[in-house]
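Chemist: Line order of the protein sequences matches chains C and V. The opening residue of the first sequence carries number 1 in our numbering; numbering runs sequentially from there. The opening residue of the second sequence carries number 1 in our numbering; numbering runs sequentially from there.
I should point out that these hints are in silico values taken from the structure, not numbers from a laboratory. The structure presented is a predicted model; accordingly, all values stated were derived computationally and were not measured. Here a beta-carbon is modelled for each residue, glycine too, at the ideal position from N, C-alpha and C. Be aware that one or more of the hints could be misleading.
Derived CB-CB ranges, DEER-like [unchecked claim]:
hint	chain 1	residue 1	chain 2	residue 2	range
1	C	L138	V	D268	54 to 60 angstroms
2	C	L18	V	Y419	52 to 58 angstroms
3	V	S93	C	M245	20 to 26 angstroms
4	V	K374	C	F149	44 to 50 angstroms
5	C	V25	V	K386	26 to 32 angstroms
6	C	L24	V	D201	30 to 36 angstroms
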Amino acid sequence: MRRATAWVPYLQVTPLSLVFLLFLVVPIATIVVVSFFDYNTTEIIPTFLLQNYEELLFSPVTWQTYLQTLEFTVITWALTLLIGFTIAYYLAFYVRSATWQTVLFLVCTIPFWTSNIIRMISWIPFLGRNGLMNTALLHMGLIHQPLEFLLFSDFSVVLAYVHLYTLFMVVPIFNSMMRIDRSLLEAARDGGASGWQTLWNVIVPLAKPGIAIGSIFVVTIVMGDFVTVRLMSGGQTASVGLMMMNAMSLLQYPAAAANAVVLLLLVLMTVGVMMRLVDIRKEL
Amino acid sequence: MTRKMNGQGQGWGRRKVLKGAGVLAGAAVGSAIGAPTIWAQNNKNIVLRQCGTGVSAFNEIAEKAKADLGFTIQMTALDSDAVVQRVVTQPNSFDIGDIEYWMVKKVFPAKTLQAMDVKKIKLFDKIVPIFTTGKLKPDSVIAQGTAPHSVGFVEGKDSTKFAKGQTQWFTAIPTIYNADTLGIRPDLVGREITQWKDILDPKFKGKTSILNVPSIGIMDAAMICESAGIMKYADKGNMTKPEIDKTIEFLIKTKKDGQFRAFWKTFDESVNLMASGEVVIQSMWSPAVAAVRSKGIPCVYQPLKEGYRAWGGGLSLAKHLSGAQLDAAYDYVNWYMSGWVGGFLNRQGYYSAVLETAKANMTADEWGFWMEGKPAQKDIMSPQGKLMEKAGTVRDGGSFEARMGSVSCWNAVMDEDRYMVQKWNQFIAA
Chain C
1 MRRATAWVPY
11 LQVTPLSLVF
21 LLFLVVPIAT
31 IVVVSFFDYN
41 TTEIIPTFLL
51 QNYEELLFSP
61 VTWQTYLQTL
71 EFTVITWALT
81 LLIGFTIAYY
91 LAFYVRSATW
101 QTVLFLVCTI
111 PFWTSNIIRM
121 ISWIPFLGRN
131 GLMNTALLHM
141 GLIHQPLEFL
151 LFSDFSVVLA
161 YVHLYTLFMV
171 VPIFNSMMRI
181 DRSLLEAARD
191 GGASGWQTLW
201 NVIVPLAKPG
211 IAIGSIFVVT
221 IVMGDFVTVR
231 LMSGGQTASV
241 GLMMMNAMSL
251 LQYPAAAANA
261 VVLLLLVLMT
271 VGVMMRLVDI
281 RKEL
Chain V
1 MTRKMNGQGQ
11 GWGRRKVLKG
21 AGVLAGAAVG
31 SAIGAPTIWA
41 QNNKNIVLRQ
51 CGTGVSAFNE
61 IAEKAKADLG
71 FTIQMTALDS
81 DAVVQRVVTQ
91 PNSFDIGDIE
101 YWMVKKVFPA
111 KTLQAMDVKK
121 IKLFDKIVPI
131 FTTGKLKPDS
141 VIAQGTAPHS
151 VGFVEGKDST
161 KFAKGQTQWF
171 TAIPTIYNAD
181 TLGIRPDLVG
191 REITQWKDIL
201 DPKFKGKTSI
211 LNVPSIGIMD
221 AAMICESAGI
231 MKYADKGNMT
241 KPEIDKTIEF
251 LIKTKKDGQF
261 RAFWKTFDES
271 VNLMASGEVV
281 IQSMWSPAVA
291 AVRSKGIPCV
301 YQPLKEGYRA
311 WGGGLSLAKH
321 LSGAQLDAAY
331 DYVNWYMSGW
341 VGGFLNRQGY
351 YSAVLETAKA
361 NMTADEWGFW
371 MEGKPAQKDI
381 MSPQGKLMEK
391 AGTVRDGGSF
401 EARMGSVSCW
411 NAVMDEDRYM
421 VQKWNQFIAA
C-alpha cells in the first residue's frame, strides 16, 4: 500500500512543475542565452559575446536610469506602505463589524474593476495645464498660473504608481492584521502600553509578513514598469523597462536581453533581502 | 511610425468563396456597362499576402482589388520595426512587402525580395520622377536622407547592389508618400511661425514636443539645429558620430532648459497633446493634424522655410514569387497605379505614384484642393465620407509641387544607427 502511494506526491506536483518549466524556466533560460548573442541591424547572430553586458554596465546612461528607477521604487514603496498600512489598520482595528469590514474592503477594490491603463490615463486630463485640477485652483484664486509640475513630471509618475499599487499593500497587510490574536492587544494595554507602543511593539512585528509580501509586489512591479513612466512623464523620464523597449523596437534583442538579466538579478537580490528580514513562510 | 493600424486578415472559407463569386458577378456586370479596364479574372484562387506599415493597409483597397482583379489580397499591418524583421527573417510569410524606402536600404541586401522588371509595369514612365530620377522637376535639388530613387534600382535581376542611375530592375513601386513638418495651434502661438527654429522660442517654454521615435526624432532635431544655426550637416539622414554627439548635446540642453513638455511616441499621443493645449508647436504627422481639426480645434500643418521631412512607401515582391502568383503580383502593382487607389489615397491627404490616373478618379474640386492648392469649392470629404475640410479652405502648404518640391530630407537609416540609439537613450534619460 505504502509503496503504491509513494509516487502520488510526485504525480501531484507534476502539472505545476511542468507549467513552471515551460513558462518560467525555459523563457528565462532563453533570455539569458540570447543576452550573449551578437546582432546587427537586421539579424541576431548566435555566438558568445560579453559585449552586450560591457556596453550596458560601462555606460553612465545605464547607471543613471537604474538610479532613477530605484528612486521611483523607494518613494513609491514608502508611500504605498504608509497609506496601505493606515488603511489596513483602520479596516482591521477600527471597523468592528465583520460586515462593514467586508464592505469597506470591497470599496477599496472598486477602482480595480477598470483596467490599469484607463486608471492611469484618467490622470492626464485631470492634471493637465488646462485640466480639472488647474482650472479649479485658478477659479478659487489659489494660483495665478497653471501648475506645470502636476503632469509629465516625476510627481505625476509617483502619483500614478501610488494610486495603482497601494491596494497591493492593503490586502496582505490587512490579511496579516486579521490573524493577530485580539487578546494580545488587551494584554498590551493591561501591561500599561500606550497606543503607539502597542502599534510599534505588537502590531507592526505581527504584521511584518503582510508588509513583506506587499513590499515584494510593489517593488517588483515598479522596477519592471515601463508604460506608467512613459505615459505619465510624457516620455521625458527614462526607466529600465523603457530602455529595453527602445532596444527591442530597433531589433536589438540581445541588448534588451542583457538588460533584462541585470534587472532580474537586481530584483531577485532585493526580494532576497526582504525574505531574510522577514520569514514569510512562518506566517502563511 | 504606425500612422494608421488598419489591417485585415482573410481566410478562405465557404462563405468567402461565395462572397467572392458574388463580387465577381458584380464586376462582370460592371464591365458590361462600360468600366474602363477589364482585368484578367481567371486567377481567383490566388491569394497574395501583403504585409506592411499600416499607413496604406486600407480594407477598401483589398476589397476593390478583389472586385477588379479577382484574387485576394490579405493585408497585415505591422509597425515599421516589425515589418523589417518579418521581411528579413520570415521571407516565406508574405508575398508583397509594403515597405518604406528607408527600409529598402536596410532589407533589400538581405536577398529576400526580388527586383521588378520595369518593362512589365505599364505606367512606369508616368511615375512621379521623385522615385526615378530623384528630381520632381528637372532643376530640383535632390534632398538629403534616403531619397527613394537612390534605393529604387538595382544593377541586375538578382543583384542587391543599388544602381547609381535607372536600370530595368526596380526595387519598390511607390504607394504613398508625404511631406512632414511641424504642427501648430494658430490660436495659441500668438506669432508667425516660419522656421523650424521657432520651436525654440522662449515664449513656448514647456509647450513644445518632438517625437520619441529615434530615427525620425533625430532628423526633426537636425532640422531644428540647422535652422537655429547651431550646426550644418553634410547629410541629415546619415550623420557622423560627431554630428550625432552635437545634436544630442543640443537636445539635452534644450530639455534641461524646460523647453519640451513631452515626447510623444504614438499618433494619439500627438493628437491629445495638441488638442488639450499642453503643447502649441510640435512634430506631427498630417493625419494627426486632421484629427485635431476634426475636434473643432484649430491646428495648422505649418510649411517652414527650410522645407519638409518626407517619407514614402512602396510595394516590393518577395523572392519566392513565381509563375501565376508572380503574374498576379504584377497585375496588382499595375492595378495599384491605374487610378482608383491613387484617387483614394490622394483624397486622404497622401500622395500617390501616378498622378495622371489618380486625377481621373477625383472630382475637379478635390484635385484642386488636394493637389493644386486651390480653395475648396465644396466641403471636402474623406473616401469614408467623413468631413475633412470645409468649403473655402486651402490646404496647408499648398500644392503638390509646393510641398513635395521643398523636401529638405527623406526619412533614412543611418550607418551609425546603433550609436545613435544609445545616444538617444541618453537624451531621454537626461
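Chemist: For each hint, tell me whether it holds in the structure or not.
Modeler: Results of checking the hints against the structure:
1. C:L138 / V:D268: 54 to 60 angstroms: violated (27 angstroms)
2. C:L18 / V:Y419: 52 to 58 angstroms: Given a distance of about 44 angstroms, which is not inside 52 to 58 angstroms, the answer is violated.
3. V:S93 / C:M245: 20 to 26 angstroms: This hint holds: roughly 24 angstroms between Cβ atoms.
4. V:K374 / C:F149: 44 to 50 angstroms: About 47 angstroms separates the Cβ atoms of V:K374 and C:F149, which means 44 to 50 angstroms holds.
5. C:V25 / V:K386: 26 to 32 angstroms: The hinted range 26 to 32 angstroms is violated for C:V25 and V:K386, with Cβ atoms some 51 angstroms apart.
6. C:L24 / V:D201: 30 to 36 angstroms: Because 53 angstroms falls outside the window, the suggested range is violated.
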